[in-house]
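With these hints in hand, go ahead and build the complete structure from the sequences.
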Amino acid sequence: MKTFLITFLSDDDGAITVDFVVLTAAICLLGAAVVNAFSGEPIRMANNMSNFMESQCSGGVCD
1 MKTFLITFLS DDDGAITVDF VVLTAAICLL GAAVVNAFSG EPIRMANNMS
51 NFMESQCSGG VCD
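Letter by letter, the sequence shown follows residues 1 to 63 of our numbering.
Across the chosen pairs, the derived CB separations fall in these ranges:
1) Phe20 with Ser55: 51 to 57 Å
2) Ile6 with Ala33: 32 to 38 Å
3) Asn51 with Val18: 49 to 55 Å
Treat the hints as calculated values from the structure; they're not laboratory data. We put the beta carbon where it would ideally sit given N, CA and C, even for glycine.
So this is what it looks like as structure tokens:
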């Protein structure tokens, strides 16, 4: 693995740079898709928790 990394970093061919850019772009797009898919869930959970807490009685006094 160390030999592969040294060879990868020392290679001056442009194809490796292109491959690295494409791989990095794919990872970024995948991360953005995952964040977008789950971004609404924490807000919904926070709203549900807030509604639940507001409906609870405190010290025997209910609104």
